[in-house]
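The lines below spell out each chain.
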Amino acid sequence: GENVEQHPSTLSVQEGDSAVIKCTYSDSASNYFPWYKQELGKGPQLIIDIRSNVGEKKDQRIAVTLNKTAKHFSLHITETQPEDSAVYFCAAIEGGYSSASKIIFGSGTRLSIRP
Amino acid sequence: NAGVTQTPKFRVLKTGQSMTLLCAQDMNHEYMYWYRQDPGMGLRLIHYSVGEGTTAKGEVPDGYNVSRLKKQNFLLGLESAAPSQTSVYFCASRQPSTDTQYFGPGTRLTVL
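Line by line, the protein sequences are chains A and B.
Each residue of the first sequence is one higher than the one before, counting from 1 in my numbering.
Each residue of the second sequence is one higher than the one before, counting from 116 in my numbering.
Since the hints were derived computationally from the structure, they do not count as laboratory data.
Because the structure is a prediction, the values reported are computed rather than measured.
No residue lacks a Cβ here, since even glycine has one placed at the ideal position from N, Cα and C.
Derived Cβ-Cβ restraints for the label pairs, each shown as a range:
# : chain 1 : residue 1 : chain 2 : residue 2 : range
1 : B       : Thr225    : A       : Gln45     : 18 to 28 Å
2 : A       : Gly16     : B       : Gln187    : 39 to 49 Å
3 : B       : Pro176    : A       : Gly16     : 41 to 51 Å
Output of the computed footprint for chain A on chain B, the stretches with three or more beta carbons under 8 Å from beta carbons of chain A:
# : stretch
4 : 155-162
5 : 209-217
Produce the complete structure using the sequences and hints provided.
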């Protein structure tokens, strides 16, 4: 089955700097890759996603890149702000995005923004 | 819309006790999921349902049972709780036509 590895587990950046979180996946059949943000005491919330027919997607200060050949995808946050502090999870859909079953999550990255 | 709600928010059990966690969604979603979240391990799928009356096993189903008697509700049961089931449990739902899963706020369960 699918396996998703996420690095780093913790990340501290100065406010205004950029943050990058990287993930790798194992199943070449996976074709949908969401990123979730989890704030303290809350459930994960989707912040951006990418499909395997796209190499990059941007939404304001957030961007995601995908390298299908290397089975890598990354989250980029620019001009970080205090409200970006949270735990971020990458994920891959096993069996394609139409599958009802399994989203496989990475282990999470705790991002802290230093004032 | 309340979205996805979970009951209770916190619970402490003794080993061997049983309990049921309730997930409810008001978005008329077909698919519903139960995950557990442990430190350093992300979220792992316990069971899921693709519609009323259907359930299926996920990644870590042992020790749990589920039921989907009504479309809007997905119940997670622990028949005989064990300390290894201490975790935060999240419910999620989505429509088949989209990929976005909507998560509830979680239930923190401690088994002593």
